[in-house]
Amino acid sequence: MQRTPFYQKHLDAGAKMVDFAGWEMPIHYGSQLQEHKQVRSDAGMFDVSHMVVLDLQGAEAKPYLLKLLANNVDKLKESGKALYSCMLNEQGGVIDDLIVYYLSDTAYRIVVNAGTREKDLAWMRQQLQGFDATLTERSDLAMLAVQGPNARAKVFSLMPADEIAIAELLKPFYGAQIGSWFIARTGYTGEDGFEMMFPAEQAEKVWDALVGAGIPPIGLGARDTLRLEAGMNLYGTDMDETTSALTSGLGWTIAWEPANRDFIGRQALEAEKAVGVQQKFVGLVLEGKGVLRSHMKVTCEAGEGEITSGTFSPSLGLAIALARVPVACGEQCSIEIRGKLYPAKVVKPVFVRQGQSVLS
Amino acid sequence: MSNVPANLKYADSHEWILDQGDGTVTIGITDHAQALLGDLVFVELPEVGAQLTAGDECGVVESVKAASDIYAPVSGEVIEINHALEDSPELVNSDPYAAGWIFKLKLDSTAELTGLLTANAYSELVAAEA
Numbered sequence: 002m003q004r005t006p007f008y009q010k011h012l013d014a015g016a017k018m019v020d021f022a023g024w025e026m027p028i029h030y031g032s033q034l035q036e037h038k039q040v041r042s043d044a045g046m047f048d049v050s051h052m053v054v055l056d057l058q059g060a061e062a063k064p065y066l067l068k069l070l071a072n073n074v075d076k077l078k079e080s081g082k083a084l085y086s087c088m089l090n091e092q093g094g095v096i097d098d099l100i101v102y103y104l105s106d107t108a109y110r111i112v113v114n115a116g117t118r119e120k121d122l123a124w125m126r127q128q129l130q131g132f133d134a135t136l137t138e139r140s141d142l143a144m145l146a147v148q149g150p151n152a153r154a155k156v157f158s159l160m161p162a163d164e165i166a167i168a169e170l171l172k173p174f175y176g177a178q179i180g181s182w183f184i185a186r187t188g189y190t191g192e193d194g195f196e197m198m199f200p201a202e203q204a205e206k207v208w209d210a211l212v213g214a215g216i217p218p219i220g221l222g223a224r225d226t227l228r229l230e231a232g233m234n235l236y237g238t239d240m241d242e243t244t245s246a247l248t249s250g251l252g253w254t255i256a257w258e259p260a261n262r263d264f265i266g267r268q269a270l271e272a273e274k275a276v277g278v279q280q281k282f283v284g285l286v287l288e289g290k291g292v293l294r295s296h297m298k299v300t301c302e303a304g305e306g307e308i309t310s311g312t313f314s315p316s317l318g319l320a321i322a323l324a325r326v327p328v329a330c331g332e333q334c335s336i337e338i339r340g341k342l343y344p345a346k347v348v349k350p351v352f353v354r355q356g357q358s359v360l361s
Numbered sequence: 013m014s015n016v017p018a019n020l021k022y023a024d025s026h027e028w029i030l031d032q033g034d035g036t037v038t039i040g041i042t043d044h045a046q047a048l049l050g051d052l053v054f055v056e057l058p059e060v061g062a063q064l065t066a067g068d069e070c071g072v073v074e075s076v077k078a079a080s081d082i083y084a085p086v087s088g089e090v091i092e093i094n095h096a097l098e099d100s101p102e103l104v105n106s107d108p109y110a111a112g113w114i115f116k117l118k119l120d121s122t123a124e125l126t127g128l129l130t131a132n133a134y135s136e137l138v139a140a141e142a
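So the sequence lines, in the order shown, correspond to chains A and B. Going letter by letter, the first sequence gives residues 2 to 361 in our numbering. Going letter by letter, the second sequence gives residues 13 to 142 in our numbering.
Keep in mind the hints are simulated off the structure, nothing from the lab. None of the values given here were measured: they were computed from a predicted structure. Please note that the accuracy of each hint is not assured.
Straight line, CA to CA, 25 Å or less: simulated SDA-like cross-link-like pairs of lysine to any residue [as the list claims (entries may be wrong)]:
{"#": "1", "chain 1": "A", "residue 1": "K341", "chain 2": "B", "residue 2": "S106"}
{"#": "2", "chain 1": "A", "residue 1": "K17", "chain 2": "B", "residue 2": "G61"}
{"#": "3", "chain 1": "A", "residue 1": "K290", "chain 2": "B", "residue 2": "G61"}
{"#": "4", "chain 1": "A", "residue 1": "K341", "chain 2": "B", "residue 2": "A47"}
{"#": "5", "chain 1": "A", "residue 1": "K341", "chain 2": "B", "residue 2": "S80"}
{"#": "6", "chain 1": "A", "residue 1": "K17", "chain 2": "B", "residue 2": "Y109"}
{"#": "7", "chain 1": "A", "residue 1": "K290", "chain 2": "B", "residue 2": "K116"}
{"#": "8", "chain 1": "A", "residue 1": "K17", "chain 2": "B", "residue 2": "A140"}
{"#": "9", "chain 1": "A", "residue 1": "K346", "chain 2": "B", "residue 2": "A79"}
{"#": "10", "chain 1": "A", "residue 1": "K10", "chain 2": "B", "residue 2": "L49"}
{"#": "11", "chain 1": "B", "residue 1": "K116", "chain 2": "A", "residue 2": "R339"}
{"#": "12", "chain 1": "A", "residue 1": "K17", "chain 2": "B", "residue 2": "S25"}
{"#": "13", "chain 1": "A", "residue 1": "K298", "chain 2": "B", "residue 2": "A45"}
{"#": "14", "chain 1": "A", "residue 1": "K341", "chain 2": "B", "residue 2": "Y109"}
{"#": "15", "chain 1": "A", "residue 1": "K38", "chain 2": "B", "residue 2": "S106"}
{"#": "16", "chain 1": "A", "residue 1": "K298", "chain 2": "B", "residue 2": "E69"}
{"#": "17", "chain 1": "A", "residue 1": "K298", "chain 2": "B", "residue 2": "P58"}
{"#": "18", "chain 1": "A", "residue 1": "K17", "chain 2": "B", "residue 2": "A139"}
{"#": "19", "chain 1": "A", "residue 1": "K38", "chain 2": "B", "residue 2": "E98"}
{"#": "20", "chain 1": "A", "residue 1": "K290", "chain 2": "B", "residue 2": "A140"}
{"#": "21", "chain 1": "A", "residue 1": "K298", "chain 2": "B", "residue 2": "L57"}
{"#": "22", "chain 1": "A", "residue 1": "K38", "chain 2": "B", "residue 2": "E69"}
{"#": "23", "chain 1": "A", "residue 1": "K346", "chain 2": "B", "residue 2": "S100"}
{"#": "24", "chain 1": "A", "residue 1": "K38", "chain 2": "B", "residue 2": "A47"}
{"#": "25", "chain 1": "A", "residue 1": "K290", "chain 2": "B", "residue 2": "A139"}
{"#": "26", "chain 1": "A", "residue 1": "K341", "chain 2": "B", "residue 2": "A139"}
{"#": "27", "chain 1": "A", "residue 1": "K341", "chain 2": "B", "residue 2": "I91"}
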């Protein structure tokens, strides 16, 4: 089992450690609910060093990404700008979702999921053939996400003035290189904050400083409830290689224009659209008490669907879920829980943003 | 270390049983079980009047991450359920042996109590699972 540079810090903080994609990671440090609320109301930090940081460099880095990714890196004109994209196979299935940061036309930083590391690297290297570019894994970097309404202010309290001057100007979904660090205003919680990459040998010192600034560690359990409330997809649960991006709530990340950009998976998605996309990706809110879980059956007038991720929302005090249902599904459905049917409301797949409910 | 009160009996499915001495018992889940589950957000209680046989699934405790069945450790009729858990499932986490009790049974036979685990035997079971 692999360990991040923060392993000892997790143990010292009382973490319950679990196997996550071959990594020993903290699921919680005592109370997942309390950690969830800490991020929504103040600030918390997540060890995301298990995620894979890749640097792509070379004269043909950009044409390579124009082919590899379903979103269009040509949208990226300003240094540091980030783009969320799917990497599709020829059948339009999702190999992984990722974030790519534009540094220049010949340099990009890409962050992919830990659980898909081997197949992603194999696919990306295979597709790289014939392009003048190199892909380098940055396992020398540690990565922390600091998230919450007070996250940025608390990080600034630790920075020298010249660094604050740069980090303060970062707009949402932009990053900047500051010395040996890369700081980006991105995250996976629906809250403001930073994702920070820095040399792994600084890990314990950075951890101590952040804890000292009032930013406690948060486990993967709360990371999951936070992202689900924010309506953010989880790879392997909400989509994978067997599901189309168009039925996974990811249509907004597919860049169809320009029409002559022949990204991998384009033909399959166009064929799917031509015959009509059969399913849609929605949010569900259970009307009574209980908890929604993945793979529960959803029934509506238009037919049947399935929950892809479900949980109890600590912010709303209700069971919520993401689900794939027939396109014609209306505003009401029933969910089968242990053999009984319970009514649920069909909503847009987002529940909480910046600490506030978005349910009407 | 989890708390295992000496005055209770236990089932290997992690329920505790308090013998009220009048042919009825109070049942809940152990401190060890609640710690494994983490923060509870929902408890599905059995129905009053239900006739249970030892080993029957009779309820569910759900944490944010997982659902776990509650089993009847002995046979009998459900005579009372803890309605406080409907709005405050976290009582099972904070006070598993008192305010977090789940249901009460009128025993079919007090003889079944002798088949349950003592506090020592349950502690050994928990230690062996760790």
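Give me the numbers of the hints this structure contradicts, sorted from smallest to largest.
1, 2, 4, 13, 14, 20, 22, 25 and 26
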